[in-house]
Structures are given as structure tokens and as C-alpha cells.
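The primary structure of each chain is shown beneath.
Protein chains: 2
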Amino acid sequence: MTPIRIDALQYANWSRKIFEQMRDGGVDAVHVTIAYHESFREAVLNVEAWNEMFLRHTDLIRPARSAADVRAARDEGRTAIIFGFQTAQPIEDDLGLLAIWRDLGMRIMQLTYNNQSLLATGCYEAEDTGLTRMGKQVVAEMNRLGLVIDMSHSAERSTLEAIEYSSRPIAITHANPHWWHPALRNKSDKVIRALTEAGGMIGFSLYPHHLKDGSDCSLESFSGMVAEAAEKYGADKIGIGSDLCQDQPDSVVTWMRNGRWTRDLDFGEGSAAQAGFPEQPNWFADNTGFDAIARGLSQVGFDDGEIAGIMGENWLRFWEDAFEPAS
Amino acid sequence: MTPIRIDALQYANWSRKIFEQMRDGGVDAVHVTIAYHESFREAVLNVEAWNEMFLRHTDLIRPARSAADVRAARDEGRTAIIFGFQTAQPIEDDLGLLAIWRDLGMRIMQLTYNNQSLLATGCYEAEDTGLTRMGKQVVAEMNRLGLVIDMSHSAERSTLEAIEYSSRPIAITHANPHWWHPALRNKSDKVIRALTEAGGMIGFSLYPHHLKDGSDCSLESFSGMVAEAAEKYGADKIGIGSDLCQDQPDSVVTWMRNGRWTRDLDFGEGSAAQAGFPEQPNWFADNTGFDAIARGLSQVGFDDGEIAGIMGENWLRFWEDAFEPAS
Chain S
1317 MTPIRIDALQ YANWSRKIFE QMRDGGVDAV HVTIAYHESF REAVLNVEAW
1367 NEMFLRHTDL IRPARSAADV RAARDEGRTA IIFGFQTAQP IEDDLGLLAI
1417 WRDLGMRIMQ LTYNNQSLLA TGCYEAEDTG LTRMGKQVVA EMNRLGLVID
1467 MSHSAERSTL EAIEYSSRPI AITHANPHWW HPALRNKSDK VIRALTEAGG
1517 MIGFSLYPHH LKDGSDCSLE SFSGMVAEAA EKYGADKIGI GSDLCQDQPD
1567 SVVTWMRNGR WTRDLDFGEG SAAQAGFPEQ PNWFADNTGF DAIARGLSQV
1617 GFDDGEIAGI MGENWLRFWE DAFEPAS
Chain W
1317 MTPIRIDALQ YANWSRKIFE QMRDGGVDAV HVTIAYHESF REAVLNVEAW
1367 NEMFLRHTDL IRPARSAADV RAARDEGRTA IIFGFQTAQP IEDDLGLLAI
1417 WRDLGMRIMQ LTYNNQSLLA TGCYEAEDTG LTRMGKQVVA EMNRLGLVID
1467 MSHSAERSTL EAIEYSSRPI AITHANPHWW HPALRNKSDK VIRALTEAGG
1517 MIGFSLYPHH LKDGSDCSLE SFSGMVAEAA EKYGADKIGI GSDLCQDQPD
1567 SVVTWMRNGR WTRDLDFGEG SAAQAGFPEQ PNWFADNTGF DAIARGLSQV
1617 GFDDGEIAGI MGENWLRFWE DAFEPAS
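Residue numbers (our numbering), protein chains in the order written: chain S, 1317 to 1643; chain W, 1317 to 1643.
A few of these clues could be false.
Put simply, identical chains are the same to the list, so a pair is met inside one copy or across any two.
[What the hints assert, rightly or not] Simulated crosslink set (SDA-like; lysine to any residue; CA at most 25 Å straight-line):
1) Lys1452 / Leu1371
2) Lys1452 / Glu1368
3) Lys1452 / Phe1370
4) Lys1452 / Leu1361
5) Lys1452 / Asn1367
No wet-lab data here; the hints were simulated from the structure.
Pulled out of the complex, with its shape left as it was, chain S reads as follows:
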């Protein structure tokens, strides 16, 4: 059996084809986004749609709520699906909804997407005011329940405050280092250092806007960045969070960026000229691209143990603790 492989973020246009590619790519667990700007009720509808997929594709996927579930899925030859939100909208202004969502299987939540939320500041706001009053309550409640705080889309100060305020390690599930590719969504050395020194994890993204040279980013360049990050932060604190949005129509990236909050069209990391989803690098077009990443990591000198960690074991070890309620 190959070492475990985990993707800490995908938001694909789910289909049997994609679930088969997960199996072909040896991907044992995927953190899937089930909500961006959805209300509580709308996000529940998305769970209902997943429940149907679990029934229809029960030979390929299964729900997972713990590291043990991920291991069980692997033993069964299925891919474990872990639910997460990219905004805090599905908890509305109601702290009690976090426990409800835990019962419904949600395990990872971003405190913000690109905008100011009720909890913290997103990376596209002009001013970053850090954790709000409710934000601190939500961090403490997520710590209590065993839910992972994800700051992938959050602004610098908010992220540093979440790391500091949280009594448990947090995550950046999908982003790259700013020193490799200075995109607004990529993270400063200061943030990644604070995150990993507190026991947190970062998942490296394969989304072209996060990559040096975008869609033309080479496997060597990506693997070299991972090697440098491993030296800086430790090979046990890093993993993959591909941000793969496979087979999605461009209307979906418009929804991700604009939700229902604006009358002016927001292009996020894109532009009016390049408004849609960018093309994936040819070595990571779908879940079978995990083979290429493993090969790339080997070529830049990682040993088998380090590769196994980065490809999945690090996330599994992190989840082992992070998904359990505080004792």
C-alpha cells in the first residue's frame, strides 16, 4: 500500500469521474468545501446533496468525521470526505450553530473568505482589525468542540491573532508562501512561521493564481518551494491543499468572489480580462496529479518519510488531535 495521501482543500464539480480519479490518484481523504456564501439552510441543502452522493457512489467515497474514519476509508479502498466551510456564513450570528454543524460533520471552517466577516478580516479588505468580539468566542468554541480554524483567505493581523488566541493549533489549508509568489492570497514568512511554531499546518495550493508563473508553473519550481518551506518551517508542518476546482463552470468562481454581497463585479485574484477559472498546470489537472507531486518531491531530495508526511501523514496526524473535542 502506498503511503496515505490527503488533499486539504478541493471544490470540484463533483462527479463519479472525479471520485474515480481520487481512487486512481491514491487520494485517501479530501477536505471538501460545502459552503462559501451559503446561509445555514442553504449549507444544509449542500449536506443533503452530499448524502445523496454518498449513497450513489458508496463504492468510491464515504463521509469522515475523524482521523479514524480516514483510516477506515483507506482500509475500505474508498476516499474519505471531510466537510468544511470557506466562510462563516453558515453559522450566521449564532454561536450555537457550531455544535450543530459538528453533528452534521463539518470539521474545518475559515473565519473569513476575502471580506470582513462577523469574526475577522479577509485578505481583500483595506483595513484589518483582527479578531472581532464574536470572532474570539468562535475561536474558543471551535477549540472546545474540536473544529479546525482555517485562515487561508484571512488578512495578516487577523491570522496572527487567530494563531495567538486559539488554544489549539490552527491551519491554513490552501495557500503558498508570499516569498515564492507574492500574491495577495499567499502568506508572509511571519504568518507561516507563527502558524507552524504553534503546531499548525499549511497546505500548499495548486491553484494557478497562487503559483509562480501561474498556469505555466513547473513541477520543479513548485517542488523547490516545498523544499525551501520544509527547511524554514519543518517538513512535518506542511502538506497539500490543492484548491482544485475541477470541472467547475466560470459562474462558480464568480459566485465564490461575489456571493450576494456586491453590485459591482469583483474579480478577486483574476481580472476583467481573465475573469474565469485559470487553467491548471498540466502536471496537476486532477487528482491523479498527486503522483507528479510525489515524484517532484523526490526529485528535490526529500526522503520517503518526508514525502509520506507531506503527501498525507502530516495532515492525518494533525487531524488526529484537531478533530477531537477538548478534554
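Model the placement of chain W on the given structure of chain S, informed by the hints.
Structure of chain W alone, referenced to chain S:
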């Protein structure tokens, strides 16, 4: 340790006092109503309120989702709380919400309260048209998921059709035989016979409108009814479902009867002259009244095994299977 005691229906104005009385009365598990006319979101708010109670009174109560949880609660010296609905309103017109509710701990649902629902006909309607199209789908889905169909407030034909259509035994959690006290809410011999012959259970009610002589009903009269029912239907098919609404203000019975569906005031089993909650019989004013019932059953000649069954073991055995998903 005394034999297990289970109450298959209460809707009290929950307080530490009442949870202490559950312990004093040796009540190991209670099926509590968490929704009458509440929408999905409102019923979720009620779960949130219960989550707070579980935190505040963790020494007295705990959530339960299976017969094993009931046994664990008993071993811990706590009362197991099982969630149920008295209408189908919290699933709206959305079959997928049943699986959501199962994850949130709901285990027992009435297909109707007193009125026509999307699923079947309530006992106060002039015409009883039986299971609707959606009603049949809901019965099948509840069968699949391991949720108990409760027809306590439903009309005769609807109840008979639910018994017939369901592939698993169903329940009437709180009602009495019509032959003992011919109230509209009490059940015909035909219904109780069909129910129990199909492996279902009936819980006998201590709500005065369901009792012969109402608030003045004697323990002897009630116990005699149970003895006659045991002869007719089997001592293993009957239990207690007290319908205790302890410490509730009369505004709550008005809500139960009227919800938001009427401009004219409906008095249900009461009347304009007696609009509020009726007074409980003096031998069953709260959970400590379970001692009186056990005594009454002994006095009418039940043996210890039969008493243990009626007081709780029958419900536990029924739940053992009924709360598990179909295999």
C-alpha cells in the same frame, strides 16, 4: 439497581428541578418533544437550547441516540434524553432533512399533530385521507434511517395505513385505549391491535384528557386499564408515555393547539371553560410518580418481569432495533 424506567413522551418546562425529579423517580430515559410547529431553523434553535442544558446539567442528563446510549446513561446515573417531534414541520417539504435530523439526534417523529400535514391526517380533521404521496416516501425514508414513526395524534385510517405501509414496527408513544376512555385522541381497539400485531408499541398517557375521570382518575383505574390492555395486546407491547407537561404555562398548550395555523382559537381536548393545562392526578404530578405506577401495576397482579417490561424494558427492546438504520 431497580429495573430500567423509560418515559416515551414528555414536554416539560425543563429545569434542574425536573431533571432531579427524573433521577429521584428512577427515570433512566425520556423521549422529549423538541418541536411542535417549529420550522427547521426554529427546531435547530431548540436543539441548541438542549445542548446548553446538557452542558449545564451534565451530572443529571445526557443526549442519547441509541439503546446503547440509554444503557450507558443508566450506568452513569444520568437520564438519557431522546429527541422527537410532534409534527413533521421541521422537515418542511424536504425528504433530505430526515437524514440531517438523524445526525442531529432526532429519533421519533409524528407524521401529524392534530391537523392534516404534508404526510397524513391528524385526529381533529373531518376527513382522513390516509398517507399522502410524500407521507409514503417519509415512512420509507424513516424505515431506512432508523427513525420511529409515531402516530399518537393521527387519525384512524392514517394510522392503520402507516402501520401497514411501514416495513418496520411503529409506535404510538402517548395515548390510551378508546374502550377505557372514549376521547378523540385515544386509540381504537382496531388500531392498537394492528399496531401491536405488527410489532409496534403503545405508551400509556397520564395526561388528564386521556384519562377516565380526568384529573380525578385513580391509580387503580389506570392500572386496571393497563392490565386489560396487557391481556388484549400482550404485556410486552405496552409501556409508559406520560405526556407530562410539567411547569408549563398555559400559553404553551395554546401554542401546541394553535401554532400559527389559525385565527380562531382552538381548544383541542380542552374547552373555552377549561382552556389551560388540566391538573395532573395527584399520584402522577412529576417524574417521581413512576413509583406509584410500579406500585399500581403490582396491585393489579402483574409479576415483576411484566412490571419491568412495562416500566421501561419494552421500550428499550423496541428502540434497540428501531433506532438502527435498516441493514
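Exercise. Given a CA cutoff of 25 Å, do Lys1452 and Leu1371 count as a within-copy pair, a between-copy pair, both, or neither?
Worked result: between (38 Å within a copy, 20 Å between copies)
Exercise. At most 25 Å between C-alpha atoms: does Lys1452 with Glu1368 qualify within a copy, between copies, both, or neither?
Worked result: between (35 Å within a copy, 19 Å between copies)
Problem set entry | Alpha-carbon proximity context of Lys1452 and Asn1367, limit 25 Å | Between. Shortest inter-copy distance 20 Å satisfies the 25 Å Cα cut-off; intra-copy 32 Å does not.
For this session: Could you place Lys1452 and Phe1370 in one of the four classes (within, between, both, neither) given a Cα distance threshold of 25 Å?
Result: This pair counts as between: shortest inter-copy Cα distance 23 Å, intra-copy 35 Å.
Problem set entry | 25 Å Cα threshold - placement of Leu1361 relative to Lys1452 | between (28 Å within a copy, 22 Å between copies)
Going down the numbered hints, you'll see the structure goes against none, and every one checks out.
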